[in-house]
Amino acid sequence: MQNRTLETGVGLFLLAGILALLLLALRVSGLSASANTDTYKLYANFDNIAGLTVRAKVTMAGVNIGKVTAIDLDHDTFTGRVTMEVNKRVNNLPSDSTASILTAGLLGEKYIGISVGGDDQLLKDGGTIHDTQSSLVLEDLIGKFLLNSVGKDAK
Amino acid sequence: MRRKSLMDRVRLMGRSTIDIVAVLGRSGIFLVHALLGRGGIGGGFQLLLRQLHSVGVMSLAIIVVSGVFIGMVLALQGFSILAKYGSEQAVGQMVALTLLRELGPVVTALLFAGRAGSALTAEIGNMKSTEQLSSLEMIGVDPLKYIVAPRLWAGFISLPVLALIFSVVGIWGGSWVAVDWLGVYEGSFWANMQNSVSFTDDVLNGVIKSVVFAFVVTWIAVFQGYDCEPTSEGISRATTKTVVYASLAVLGLDFIMTALMFGDF
Chain A
1 MQNRTLETGV GLFLLAGILA LLLLALRVSG LSASANTDTY KLYANFDNIA GLTVRAKVTM
61 AGVNIGKVTA IDLDHDTFTG RVTMEVNKRV NNLPSDSTAS ILTAGLLGEK YIGISVGGDD
121 QLLKDGGTIH DTQSSLVLED LIGKFLLNSV GKDAK
Chain B
1 MRRKSLMDRV RLMGRSTIDI VAVLGRSGIF LVHALLGRGG IGGGFQLLLR QLHSVGVMSL
61 AIIVVSGVFI GMVLALQGFS ILAKYGSEQA VGQMVALTLL RELGPVVTAL LFAGRAGSAL
121 TAEIGNMKST EQLSSLEMIG VDPLKYIVAP RLWAGFISLP VLALIFSVVG IWGGSWVAVD
181 WLGVYEGSFW ANMQNSVSFT DDVLNGVIKS VVFAFVVTWI AVFQGYDCEP TSEGISRATT
241 KTVVYASLAV LGLDFIMTAL MFGDF
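Sequence lines, in order, name chains A and B.
All residue numbers for the first sequence refer to the numbering used here, where the first residue is 1 and numbers rise by one.
All residue numbers for the second sequence refer to the numbering used here, where the first residue is 1 and numbers rise by one.
Please note that the accuracy of each hint is not assured.
[As the list claims (entries may be wrong)] List of simulated lysine to aspartate or glutamate pairs, EDC-like, C-alpha gap at most 20 Å: (1) A:K110 with A:D76; (2) A:K67 with B:D201; (3) B:K145 with B:D180; (4) A:K41 with A:E7; (5) A:K57 with B:D201; (6) A:K57 with A:D38.
[Said to hold, decoys possible] Chain B residues, not near chain A, derived (Cβ > 12 Å throughout): (7) H33; (8) L99; (9) S129; (10) P143; (11) I165; (12) W172; (13) S175; (14) E233; (15) S236.
Calculated from the structure, these hints are not laboratory results.
Heads up, the beta-carbon is just placed ideally off N, CA and C, and yes, glycines get one too.
Using the sequences and the accompanying hints, generate a full structural model.
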């Protein structure tokens, strides 16, 4: 009898551990079984990707439709080439869609926002988005601002 | 006698080095024999079950209580700092990452060394001083197999489970303070957490850490008991050594593993 309570105790203990792991997986890290279902690849070249990281979100109208899987430098054009994996369900992107690097909030993370174009042709797997808008770099902005005010003084 | 000659100092240094190496070697041989020697755990499942109960289940209370309080304190401190920057939604992310990466495995291992490790050392040390271990050997029963191996395995299994429970309970405590008490919006609390916590990088790395800690803490505890001087003074010294060595080993290894896992080398 004493042995039985002991066994029940140990069993419950191990069950609690497995339950904890499940909770951590599903509730805390948001892991879902269908995490990497069907996606297709898109490329985009940006003049400046400053601050964008791998695994950043790709959104359209604020809805999450994919993620950034790789960032590297294009050898010939010296632009940053971003590889994105976009959900297969969003398979009707016109080929002149615009990709821009945006910031969530004032100090938040960078993500890619795609806005729709009007072309009849659609982007296919491995296609490239040509119309891009680079990341906002604070130093450039301040530089432009200073240049402007200096110009005004001279007049 | 007042001044030791230079050669005496050199000799002392050499002797202490040899002692350290000897202890390391003994503990290594001890571990290999206990884990791999002659057919695994003697007495089978029943002995392991009893040890799992005394090492794991009985430690549950202290782990759960300290987990809740640590989670609550983290949420409280994080909230008061993050609120200054107007980003109190990030409190969930902060609590979850802190617990999963660091505090869960480390604090559980420290508590485990104090609660279960010292008990293991004292128990085995007492068996040695009352010559139960040598009597077992006399009647042809291997004490490594029947006494040591079940305790080692029980420690290896229960510490990672305890660390997982600690993290979950801590996150629950944090959400209780942040959401129900301080009024952080529940949706953004969990959404921020889920966005920033990755299962492989954070949860599994935490589990790997706690497995390593389990190995080290149990090894030190059982070896100190087995290797102690068979007197009451020796047992008390061995118990102290267990807690001190195990805590230092956990904290040192934690730094190394954090550097390897999250250091971006």
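So, going through the hints one by one against the coordinates:
{"no.": "1", "hint": "A:K110 with A:D76", "result": "violated (25 Å)"}
{"no.": "2", "hint": "A:K67 with B:D201", "result": "holds (17 Å)"}
{"no.": "3", "hint": "B:K145 with B:D180", "result": "violated (51 Å)"}
{"no.": "4", "hint": "A:K41 with A:E7", "result": "violated (52 Å)"}
{"no.": "5", "hint": "A:K57 with B:D201", "result": "holds (18 Å)"}
{"no.": "6", "hint": "A:K57 with A:D38", "result": "holds (16 Å)"}
{"no.": "7", "hint": "H33", "result": "holds (26 Å)"}
{"no.": "8", "hint": "L99", "result": "violated (9 Å)"}
{"no.": "9", "hint": "S129", "result": "holds (27 Å)"}
{"no.": "10", "hint": "P143", "result": "holds (22 Å)"}
{"no.": "11", "hint": "I165", "result": "violated (5 Å)"}
{"no.": "12", "hint": "W172", "result": "violated (9 Å)"}
{"no.": "13", "hint": "S175", "result": "violated (10 Å)"}
{"no.": "14", "hint": "E233", "result": "holds (34 Å)"}
{"no.": "15", "hint": "S236", "result": "holds (30 Å)"}
In the structure shown, a violation is registered for the earlier hints numbered 1, 3, 4, 8, 11, 12 and 13, in ascending order.
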